[in-house]
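Asker: So the protein lines, in turn, are chains A and B. Numbering that gives the first Met the number 0 puts the first sequence at residues 0 to 349. Numbering that gives the first Met the number 0 puts the second sequence at residues 0 to 349.
FYI, nobody ran anything at the bench for these hints, they're computed from the structure. Be aware that a few hints might be false.
Since the list gives no way to pick out one identical chain from another, each pair is judged satisfied if it fits inside one copy or across any two copies.
Unchecked claim - Quick list of in silico lysine-lysine cross-link-like pairs, DSS-like style, CA-CA up to 30 Å:
| id | residue 1 | residue 2 |
| --- | --- | --- |
| 1 | K51 | K139 |
| 2 | K139 | K288 |
| 3 | K294 | K348 |
| 4 | K348 | K21 |
Listed below, chain by chain, are the residues.
Number of protein chains: 2
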Amino acid sequence: MTNLKPSSKALVPFVSVDHMMKLVHHVGIEEMLRGIADYIETDFKRWELFDKTPRVASHSESGVIELMPTSDGDIYGFKYVNGHPSNTADGLQTVTAFGLLADVASGYPVLLSEMTLLTALRTAATSALVARVLAPKNAKVMAMIGNGTQSEFQSLAMKTIVGIEEVRLYDIDPAATAKCAANLAGLGLRVTSCESAQEAMEGAQIITTCTADKQYATILTDNMVGAGVHINAIGGDCPGKTELAPAILHRAEIFVEYPEQTRIEGEIQQMDADHPVTEFWEVLTGAAKGRTDDKQITLFDSVGFAIEDFSALRYVRDRIADTGLFHPLDLLADPDDPRDLFGMVQRAKP
Amino acid sequence: MTNLKPSSKALVPFVSVDHMMKLVHHVGIEEMLRGIADYIETDFKRWELFDKTPRVASHSESGVIELMPTSDGDIYGFKYVNGHPSNTADGLQTVTAFGLLADVASGYPVLLSEMTLLTALRTAATSALVARVLAPKNAKVMAMIGNGTQSEFQSLAMKTIVGIEEVRLYDIDPAATAKCAANLAGLGLRVTSCESAQEAMEGAQIITTCTADKQYATILTDNMVGAGVHINAIGGDCPGKTELAPAILHRAEIFVEYPEQTRIEGEIQQMDADHPVTEFWEVLTGAAKGRTDDKQITLFDSVGFAIEDFSALRYVRDRIADTGLFHPLDLLADPDDPRDLFGMVQRAKP
């Protein structure tokens, strides 16, 4: 008798937004940020074996839709992500995402997952992993400039991975600061709401900028940034979108994920194409130096790279196995005889 | 009170394999092939306004995983598809696929769909659309060489769109021919099983080749192909994979989808990089000539292009609206305040 139900090969585990939120609460958000950072560190240390390509972007007047693929030779992954700064005005997210892992040997997908939330987690985990390595020793205070979607995730990741004890919030919209402060209340950080970026940076060893306008903005001017800090620049992440005055870039040691992509999308799009930068993975493997001096300004010019998504998806895949936080999705046609797709359709006739 | 259920913006219609099979039976397979061909024809006629890019391929020893994006400025679409010739030996499909449509203005996905079955339908619909334009007038007989997954879809599409009355089947594996013949029984075609490719081609005005080996194969040699035929070459679709002897290519008028991709993946990878080809969409708009002579050999060197998937997904989106053949999938995080993703997670705490 023909079995008309999809076989196990046809079913792909799907992690919905609801599942991802349950996973966050099941694991604990700080533990999950640490776990994702560990997976990213593991993958950055084997950077050279990955298939790397700049993201494939489709630009329009209102924003961009991107596909970010990579592979370590055993597993293939990609993320779909959009960036539409004006979405907020319509009550929509500026960034939504989902992602997939597949088995390289067979090409069959093995995980489909929401990644709007997971991207927020992996971005914060990456920032904190980098800051743990590059920030001045015993950094305890972070300025958080831009208090939108990323701000709470950044703050908690810096707390749990770097040991930050105080975040100093600033946003041009006080309502955003109030939202961030309220969300962080009771989570173990001293939270100070500030009236200006300058005030937020008082006493901060780490300065995180994460603002959303798609234009050449200058969130930090040269005179605002003193010696001996680590700048974690998140918001300059597509062509035409930057946050730092070029003079700061000239004073800083610049660390990037994947130069081919960062030179197009990051803060360094303002610099000459051969301006020296260090690939962060080389700091992790010891092939390049990180911070060499307490007085240095280190800058992580972060635009987000496919390997970070790959690591985050690997983490989710490993964690859902024991929690059951997924649905089996009937995504793949899987006839009994692989050459008999037509017969499968015929046998499904009502 | 906070509503913890996903909003309608967060839910993406998902068409499973089961839904797609139900849609095929609801619409009728021939009607669906004609409908998809109409959508492809519409999109080919507005070819120039599409964002076009060769597919993004990740090759491995066992196969390839590809992303095929495109956009018409209003809608963005992409397909994930693998090609793993040795999968059949493991009881898996050589090709599986799924695809997505998104709203360009917001970047939000609007449809996620299985595409293993849909790819089979759109490939056959494309072949038949092209053959309707290029094949000799009153073509009634098709040779179907390679009797795998595509063979029945190709046969039915050629019947309903071109008016083919007889298919002559040949495969190096007689079991594949027997499967194809059994599946086509009673569907309105005269089906003749043959012992050789030569025999299958007797009296055929259309010759479809669709074999799966990833190697330079010669399914058709020069002396096998007479004048006044249309060759529909499907199986030569990735680097190193071809089916036709170069001498045939020299005698034929060659029509392609997107030359930038076909020169890498199609039969013409065997030819000089400037070997003349005609883009098929130009024949539809009248910008280029199709068949000009009954004695000509026309060749459609088909590798599959993103716009065909885009058209097929558009067709599915339009047809599921009134049939309800989809699940709403909780794919996108959609907090009440778009900047408050963290708060949404906190409020979901059990």
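Asker: So, for every hint listed, does it hold in this structure?
Answerer: Results of checking the hints against the structure:
{"no.": "1", "hint": "K51 to K139", "in the structure": "neither (35 Å within a copy, 49 Å between copies)"}
{"no.": "2", "hint": "K139 to K288", "in the structure": "within (23 Å within a copy, 72 Å between copies)"}
{"no.": "3", "hint": "K294 to K348", "in the structure": "neither (73 Å within a copy, 43 Å between copies)"}
{"no.": "4", "hint": "K348 to K21", "in the structure": "between (38 Å within a copy, 7 Å between copies)"}
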